[in-house]
Amino acid sequence: MDALLAAFGHVFEVHTLFVILLASGLGMVMGAIPGLTAVMGTALLVPFTFFMDPVPAIASIVALTAMAIFAGDIPAALVRIPGTPASAAYADEAYKLTQQGQPWRGLGMCMGASAIGGIFGTIVLIFAAPALARFATSFSSPEYFWLGIMGLTCAAFLSSGSPLRGMLALLVGLFLSCVGIDIATGITRFAFGSTELMGGVDFVPALVGFFAIPELIRLVTVRETKKATIPPYGSPFRDLLRDLWQWRVQVLRGNIVGTLIGALPGAGADIAAWISYAVSRKFSRTPEKFGTGHIEGLAEAGASNNSALAGAWVPTIVFGIPGDSITAIVIGVLILKGMEPGPAIFVKSPDLIYAIFIVFILANILMVPLGWAVIRVARYILAVPRGVISAFILVACIIGSYAINNSLFDVGMMLAMGALGWFMEENEIPVAPAILGLVLGKMVEFNFIQTLMKGQGDPLTLISRPIAAVLALAVAMIWAWTAWSAWGRRRAHAA
Amino acid sequence: MRLNDSALGVLTIGLGGLLAAASLRLPGVPGQELGAGFFPALLGLAAMLTGVLLVLAGIRQSGEPLLRLPDWVRGGWARTNVLVLVLAIALFAAFAERVGFIPFAIAIMLAVQLRMGIAPLRAGLIAVLGTIGFHLLFNEVLRVPLPAGVLEGWV
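Note that the protein sequences, when read in sequence, are chains A and B. Sequential numbering from 777 applies to the first sequence in our numbering. Sequential numbering from 247 applies to the second sequence in our numbering.
Hints are computed from structural coordinates only; laboratory data are not their basis. Note that the Cβ used here is the ideal one computed from N, Cα and C, for glycine as well. The reader is advised that the hints may include incorrect statements.
Said to hold, decoys possible - Far from chain B, by Cβ distances over 10 Å, these chain A residues were calculated:
1. G785
2. L802
3. V996
4. T1068
5. A1167
Unchecked claim - If the Cβ cut is set under 10 Å, some of the chain A residues that face chain B in the computed set are:
6. S938
7. L944
8. V1171
What the hints assert, rightly or not - According to the in silico footprint, chain A covers these stretches of chain B (three or more CB under 8 Å from chain A):
9. 262 to 274
10. 299 to 307
11. 338 to 344
12. 367 to 380
13. 387 to 397
Just need the whole structure built from these sequences, with the hints factored in.
Written out as structure tokens, the structure reads:
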């Protein structure tokens, strides 16, 4: 109870509220501009969080991502270009409504369903996370090793179509985490004589390089097409309550499916939206209306992607296993702030956990007035030329990498990581497992070596405790299942 | 720059081998059986195994060119844009200490905008105002000492 009061105290400080409002505004604008994603926004926000206390730092990420995922719907509805990948599933549907002269209905439903979805996901988070954490409090180094491996495994195998490429990404990240002084032995590894590299590859320049540089390259290599004309539109609240009531079952189903998919490690808001749209069509009484400007799928998928965002935090804070790319970054930020995510965080800083819950609710309530305001000015945001956006993003990347250690070396590191990230994207190697490997690598190695040393080098020590053995079995099953399905696909392909 | 599966696999085997070899050469710690090289050596081995599987996958996939370059490498406009982007970051990392953040940021923002077809006057105005904004935010609000460079003593 004291922790809850403390959490309210943290969140309702003027400074924190100001940060939330600012991050929300930024998230709305970034989401509404096609080409700038919620993940990129989070990556560029991280350097700022470095200068904040833990609660405003996490609050800013929560607010920015919630707004960006919703705001991605705005250009999808107005010009048929999804602002973030999470809106791609129903961009066509929302745009058809605009073409039929009812843009406010699509926009309003996206806003209403997003807010409801976000709040539903948060409620699940509030009830599920502490219950799971209680179970996880008796864990020791072998369990943490397996949890780490499980998180890395899920990220590698579920985040892309090809498990081998996911594995490759993971190995890149784990290797990067080895650079610098080894904490267990004090020996410097792979620093090539550079004093800067002795401290290791810093998380922030790597993050900015991996997530922002490939997007920036995309932004400057595609010519701006002629802007589509945006028809005048009225208030998004018009018809909203009627539509929400009519499609209440779909919104609820979108909430449930979205939260579950979000909580699944490796799958995030974009996958949730695609699946919910498909589910909605399957159960619809009028599936033939889908794709013609029908609001049913929009309601379900629009609720789904925002609830997935909150769902992804369940495994993140309970086990330190991220649900999606954004929470992979969150884990890095928590570690930077000296808080290792995992069940212990519920005992050590329960106020932080409650604060996260409160911020989630607050952000999703804020989404309605802010969403209304952004929808009003959307035509001006969409008119900002790509050249101006690119210039600002580039300087933000440079200064963000520099600001962490006041080091120009980090700017060079960001460029190197950007080149690596770009190469990986070109080869369809997912970036998120690499970031996760970099963040969790030291922890996994430390627990691995420590457990082995406890058992004098006997590898069976890793599965000597019952929960550790169960976790190991789960990991083995994920590996076996991945191998089996890859094998099955290949045979089906050959036949 | 897309490699086909076989080429990516060979590259992975090579890099994994290098990593394993370099890890095994790391010094051990007296009285401790697992040295600093143990974990990275495992990573190197895992990379080699992944590489072998990629090569095997590549053998089945026929007709993929060894290396496919992105479209913008051929087009002059987009290629120059990427070059400007990379040069901006590299030159900043190398010379920002001497030149300073403000002149550098104005130059970068101006260059990118002009390349992307923004009218010069507008681009100049946005570059100057944007740079002042960044400077105020980082130098004044967040207290990050940005390199002053040639403007030392002025800002």
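These are the hints, each one checked on the structure:
{"no.": "1", "hint": "G785", "result": "holds, 24 Å"}
{"no.": "2", "hint": "L802", "result": "holds, 12 Å"}
{"no.": "3", "hint": "V996", "result": "violated, 4 Å"}
{"no.": "4", "hint": "T1068", "result": "holds, 34 Å"}
{"no.": "5", "hint": "A1167", "result": "violated, 4 Å"}
{"no.": "6", "hint": "S938", "result": "holds, 8 Å"}
{"no.": "7", "hint": "L944", "result": "holds, 6 Å"}
{"no.": "8", "hint": "V1171", "result": "holds, 5 Å"}
{"no.": "9", "hint": "262 to 274", "result": "holds (count 6)"}
{"no.": "10", "hint": "299 to 307", "result": "holds (count 4)"}
{"no.": "11", "hint": "338 to 344", "result": "holds (count 5)"}
{"no.": "12", "hint": "367 to 380", "result": "holds (count 6)"}
{"no.": "13", "hint": "387 to 397", "result": "holds (count 6)"}
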